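Chemist: Chains as they are written, first to last, in the numbering used here: chain Z, 1 to 80; chain W, 1 to 229.
The reader is advised that the hints may include incorrect statements.
[Stated by the list, open to error] Residues of chain W placed beyond 12 angstroms of chain Z at every Cβ, according to the derived structure:
hint, residue
1, Gly54
2, Arg58
3, Glu94
4, Pro99
5, Arg104
6, Val106
7, Lys113
8, Asp114
9, Ser151
10, Gln171
11, Gly182
12, Glu209
[Claimed, not checked] Below, computed lysine-lysine pairings styled on DSS-like, alpha-carbon distance capped at 30 angstroms:
hint, chain 1, residue 1, chain 2, residue 2
13, W, Lys73, W, Lys222
14, Z, Lys19, W, Lys2
15, Z, Lys10, W, Lys73
16, W, Lys2, W, Lys222
17, Z, Lys10, W, Lys222
18, W, Lys222, W, Lys113
19, W, Lys109, W, Lys2
20, Z, Lys10, Z, Lys40
21, Z, Lys40, W, Lys73
22, Z, Lys40, Z, Lys19
23, W, Lys109, Z, Lys40
24, Z, Lys40, Z, Lys2
25, Z, Lys19, W, Lys113
Derived by calculation from the structure, the hints in this document are not laboratory data.
This one's a predicted model, so the numbers in the text were calculated from it and none came from an experiment.
Cβ atoms here follow ideal geometry from the backbone N, Cα and C, with glycine treated the same way.
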Amino acid sequence: MKATVHVTLKSGVLDPEGKAVQHALETLGFSGVNGVRQGKYIEIDLSDADPVGTHDRVDAMCRQLLANTVIENYTIDISE
Amino acid sequence: MKAAVIVFPGSNCDRDVAVALQRAIGTPPVMVWHRDTALPDLDLIVVPGGFSYGDYLRAGAMAAHSPIMREVKVRAEAGVAVLGICNGFQVLTEAGMLPGVLMRNVDLKFLCKDVHLKVDNNDTPFTRGYRLGQILRMPIAHNEGSYFADSDTIDRLFDTGRVAFRYCTPQGAINGTGNPNGSQRSIAGILNDRGNVLGLMPHPERLAEPQHGGTDGRAMFKGLVEAFS
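Please take these sequences and the hints and turn them into a complete structure.
Modeler: In structure tokens, the structure reads:
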């Protein structure tokens, strides 16, 4: 099975890198860019055969290591 | 005082702080590799600066889950003093031993320069060598030093005297000019609830000898020795 995890900054947390990307896009002439927020995309290959419990296990991975929940949210997708 | 310095792959201030400790104590601290799982009898554990695990994922995130950190947490809960400097501060927040998180500097630049700090709490083993309100000069060298926590946590840190140091101007003004990295309310160093864990971004061990160009960091190590002798 494969788990894909998106880690994003919580709203209200300043993202200076996203701001810099936004400014760069504006410099390139792209108008109408109201905001840019950066995050992380993580793919995890799992040996799990049974999807039951997999989501909980990946959720624990996110809470313990992959995301810092002080500043970050995460979403999990599990696929075959 | 019996002291240990934790060494991770990528630590680079472990020897600097060991020298500062040896000068203050008279004997060298124990150097403990991150894969070790036991610590000797200790008064102080230092989590040093550097780039543990290459700052992979987030600064300090990997080191926070090193085998030795389980024992560091147990000792901290038993009252042993723990000092996290720079990357060590990042490790302690990632380990949940201090609240908040150190984010990318607001101007996206790695900062390597001397800054000024104001002492906000000198009633701790780490800061007893300083006067309340004293202005210190110390070097910083970090890319992720912008202290962030939710506003309730920040208020609680101030209300309970757990802000140890704030960035300031050379004259002692706490404002945007004196704040190098965008830290909330200019926070440079904080304590845990119990007051036995301190994390700070500036490097006291790098300004502890006249040959360093200043000695403002030395009082932290001398104060610790006095507290534990």
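Chemist: For this structure, which hints from the list above don't hold up?
Modeler: When the structure is compared with the hints, numbers 2, 3, 4, 5, 6, 9, 11, 14, 17, 19 turn out to be violated.
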